[in-house]
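Visitor: Sequence:
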Amino acid sequence: MGLANATEQRRVASDTQAFEGVVERTGPQDHPELVVRLDQPAPGFAHLFALPMGGMTFLSVRFFLFGDDAASVAKREEPRWRTWLEKHFPTSAE
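Position one of the sequence shown corresponds to residue 8 (this note's numbering), numbered consecutively onward.
In case anyone wonders, no lab produced these hints; they're calculated from the structure. Keep in mind it's a predicted model, so treat the numbers as computed, not measured. Here a beta-carbon is modelled for each residue, glycine too, at the ideal position from N, C-alpha and C. Incorrect hints may have been included.
[To be verified] Ranges between beta-carbon positions, derived for each pair: (1) Ala78 <-> Leu55: 15 to 23 Å; (2) Glu27 <-> Met60: 25 to 33 Å; (3) Glu40 <-> Ala77: 21 to 29 Å; (4) Arg83 <-> Gly61: 33 to 41 Å; (5) Gln36 <-> Ala81: 13 to 21 Å; (6) Leu58 <-> Lys94: 14 to 22 Å; (7) Pro39 <-> Ala78: 25 to 33 Å.
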């Protein structure tokens with residue numbers, strides 16, 4: 008989403024997943040977060056935030072999808088997001 012500001016329409020696309028919506032909320036720099044009202048892949052909300060802990064930073068990504076197709080969209084999109092997260096935020100093997 009880059010440096011998004013509230014009320015901006017944004018689209019994120021990559022080789023594994025895409026989503027589009029309006030940024031409803033951004034958190035302060037010391038508690039970065041985004042709340043996005045989704046248009047794609049289905050109506051809903053995405054909540055993304057960074058959480059520093061123990062010298063590392065964790066990324067939390069939560070999607071809340073609505074509508075008759077929400078379950079099938081979630082089933083289709085979840086593996087794509089897992090692949091993307093594992094690629095960009097690998098877990099350490101300590």
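Visitor: Which of the listed hints are broken here?
Guide: 5
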